[in-house]
Structure formats: structure tokens, C-alpha cells
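Residues per chain are reported as follows:
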Amino acid sequence: MIKKSFVFAFSEYGLFSSKRSQHEAMGFIIIVALVMVVGVIFLGIKMNQDRAVQQYSDSNIINFLTASSRYTSDCFDRARCTQGFCSLNELKQKCYDNNEKCNIGTDDRYSCDILNYTYSDMLSKSWRIYNDSPVKYYDLKVKYRTICNDSATASLLSLVDITAGDSTQCYVRKIGQESFPYNHGCIVSELKICGKDAV
Amino acid sequence: MKKNKYLLTAKINHFRGSKNSFGIFLKSKLSDSRANPFISNKLFSGSSRSQMKIMEMSFMILALFLFFVMVGLFFLVSYTSDSINQANLLYRQGTINTLAALSETPEFECGEFNCVDLDKMFKLKEMASTGGIYRDFWSSISSLKIVKVYPYISGEQKCVNNVNDNCNTIIIKQKETGVNEMIDSTFVSICRKEYKDNYVYDKCEIGRIVAGTAEKK
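Respectively, the protein sequence lines represent chains A and B.
Mind the numbering: the first sequence is residues 1010 to 1208 in this note's numbering, read in order.
Mind the numbering: the second sequence is residues 7 to 223 in this note's numbering, read in order.
This is chain A alone, in the form it adopts within the complex:
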């Protein structure tokens, strides 16, 4: 049907009967084709951009890291922790200093173990991953760096490395970083939270 009407339009009695109108029609078709090609290229680039992981620095994650660093653990060490019970920041320092032990009730446990356990439990309760949840994956790294604000600097020691969820569903990634100076360098905590849409 379309082919027939196209042939008729260009026939002797059709719409584009004269040579000049045929030229005009051809010009129009060429313009449409060119614009469509440009549009398809643009759409392809845009779709690729959308599919690539979008990464944002997020105030909520930074606030979480600040709040978590002040969290009071069950680890008791009157000599090293200002309040007696150590905060997670103080535990990080103890973990960095040869994984010092601390007292929980009647037991002595390694500070790095308490640090890892507390962060792991805290993340699973604060950024819950379930079927309909916006959070699909998270990754927390606590490291010691010689230069505080330079992410390119290789970390000398990894204190915590916790991941959970499915990293293949990472379309929108939000990150936050918190650090404090220690022993001529910095202890840096970095948290990445991923989801399909805005987390």
C-alpha cells in the first residue's frame, strides 16, 4: 500500500509529477534521513550514558559515616579510650596499632575483629538489602593512608573491607568519605551504596 502510493506520488499524474517537485521531495527525504541518523547516534550515546554507573557524593552517607565513627562499642579500655568504652574511631586506631586487644565483659578480644563485626552488623541494619529495597549493594573500606585527601595514594593498611549484595545491580552509586588524622597519615573510611534508582 505504502509502496503503491509512493510510486503514484512520483508518477506522471501524482503529487510530484514535475522534475522540480521530485527534486524537492528527494531533498526532503535526504534531510529527514540525515536528521534521523543524527538522532539515532545521539540516542545511542545517551542510552550508553544512562547505562553507565552514575556516581554522586552523598551527604546522607557522609552523615552515616560521621555518626558511626562516634558509635560506642562494647570494647572497654580505660587507658586508650577517653570514655572508657571505645568509639569506633578509637577502635580503628587500636586496630591499626598492631591489632591491640580490648576487654568485653570477661573476654579479651582483638580490636580488628570487634571493628569488623560491629561495622558489618551496623551496615546490614542501617542499609537493609531486600527484594524491593532501593539499596542493592554496599561496600565499606577503612584504610590507613599517608596522604589524607588523595585517593590515588596507595593505602598502607586495610583495616575493614565489607561488601554485601549484588554488585551487578549497581546503576546509581553514591559515595561518602570520612577521615581523621592519625600517626602522620590518615584513617579513611569510604562507603559506596548502590541501587537501581536513586538510593
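Read the hints as simulated data drawn from the structure, not as lab findings.
Note that beta-carbon positions come from the ideal geometry of N, C-alpha and C, so glycine has one too.
It cannot be assumed that every hint is accurate.
[Stated by the list, open to error] Residues of chain A placed beyond 10 angstroms of chain B at every Cβ, according to the derived structure:
(1) I1113
(2) D1141
(3) Y1153
(4) L1166
(5) Q1186
(6) G1194
[Said to hold, decoys possible] With a Cα cut of at most 25 angstroms, we get these calculated SDA-like pairs of lysine to any residue:
(7) K1201(A) / V216(B)
(8) K126(B) / I147(B)
(9) K1201(A) / Y1191(A)
(10) K202(B) / N172(B)
(11) K59(B) / G1036(A)
(12) K1134(A) / D171(B)
(13) K164(B) / G184(B)
(14) K1134(A) / Q163(B)
(15) K181(B) / Q163(B)
(16) K1110(A) / Y207(B)
(17) K1055(A) / L95(B)
(18) K202(B) / I159(B)
(19) K59(B) / I1039(A)
Given chain A, put chain B in place with the hints provided.
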């Protein structure tokens, strides 16, 4: 002077001549058309063809214009959708920062950044209730509460006089019934004085400061 006069006369004659030649051409055409019906048909059919050509061209221009308008709209929509996402993101970040700033006010702060004093919260809850001097203090906020996130307690368990292991929510400003609101929240430290084995210390946990803004109708 004489030379200029000659030049002027020549120019006038030339103008008259060309005017005359155009008149002669028009006259001949008209007389031809009157005398010869074939030429007459040709003249009129030629004008209708020109009209046709003008119409063709105007349709083509219209089609091109509409086509480019549609292409322009497509590009505009794809760009503005991106800007809307960015605007929403910025708006949300702004709200989170406002909430974090709220925790810095003397009514909430515990002495450190992004930290809420839970002991103050119970007094504030009392003062913000009906009859209290803080009842109209947060006029732009329709509801305000502090929720303990970690250690985790499932569901909303309201705290009455103090925070213990069985409750997780302190409602400072209750949402009015029938009000639709947008909820925003951010993480804060919630700290309180704790007494254990003859030892007083600051116990800090993780909470959320949750504020509702009434939707404008």
C-alpha cells in the same frame, strides 16, 4: 557644463526608451493574447502552474518546519529530563543538609558535629507538646522525630521517659491528622549519659532525625 547637460539628456532618453520598449512588449503580448487563443491559454495555464509550484514549495517549507520543530522538541525533552533529575538530587541534598543543621541547634546538639543529645530530647518533647513554650517553634515542619537505627529494634516503639533497649522512637512534634507530608531524614549520632558499674560515660548510638513537611494543596 555643456558636457554634463548632454549626459543628462542621454540618460533621460535612455529611460524613456526602456519605458517605451516595455510598453511595446506589454501591448504586443495583450494584442497577441486577444488575437491568438493558444497564446492566451498558455499565459493563464502558466499562472496556475506557478500557483501550484508556490503551493508545493509552501507545503515543503511547512513540512520541513514541522519536522525540525519535532526534532527540536525531542532533544529538548531528553535534556530537560536530565535537568529534572539533577534538580531533585540537589533539592534532596539541601533538605539533608538542613536536617543536619537542625541537629546543630542548641535544642538538639550534644557538643559535637551531627550529634543529638537524647537527654535533651525528652525535655524538648515535653516543651513542644500542647501548652508547652515550643509548641509553635518549628512552624515550617509538620512532624519531627528521632529514630534509633542501630542497635536495631523492629517496628516503631515509642519512648516515653527515657531510651532503653525496648524503644526506638522519640516523637517531638506529632503529625496532625489529615495532613499529607513529605518525609526527609538523615543519620545522626544519638548520645546520652549512661551509668554502668559505678562508671558514667557518654553512650552514642546511630539514629535518624526525621522531619515531615506538609504538602501544599
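Status of the hints after comparison with the structure:
1. I1113: holds, 13 angstroms
2. D1141: holds, 17 angstroms
3. Y1153: holds, 23 angstroms
4. L1166: At roughly 25 angstroms from the nearest Cβ of chain B, L1166(A) sits farther out than 10 angstroms, so the non-interface label holds.
5. Q1186: holds, 15 angstroms
6. G1194: Since the minimum Cβ distance to chain B is about 22 angstroms, G1194(A) lies beyond 10 angstroms and the statement holds.
7. K1201(A) / V216(B): holds, 23 angstroms
8. K126(B) / I147(B): Distance ~19 angstroms between K126(B) and I147(B) Cα, so the pair holds.
9. K1201(A) / Y1191(A): Holds: K1201(A) and Y1191(A) sit about 23 angstroms apart, inside 25 angstroms.
10. K202(B) / N172(B): Status holds; Cα separation ~18 angstroms.
11. K59(B) / G1036(A): At roughly 16 angstroms apart (the allowed maximum being 25 angstroms), G1036(A) and K59(B) satisfy the hint.
12. K1134(A) / D171(B): Holds, because 16 angstroms separates the two Cα atoms, which is no more than 25 angstroms.
13. K164(B) / G184(B): holds, 21 angstroms
14. K1134(A) / Q163(B): holds, 16 angstroms
15. K181(B) / Q163(B): holds, 16 angstroms
16. K1110(A) / Y207(B): holds, 21 angstroms
17. K1055(A) / L95(B): Distance ~19 angstroms between K1055(A) and L95(B) Cα, so the pair holds.
18. K202(B) / I159(B): holds, 22 angstroms
19. K59(B) / I1039(A): holds, 20 angstroms
In the structure shown, no violation is registered for any of the earlier numbered hints.
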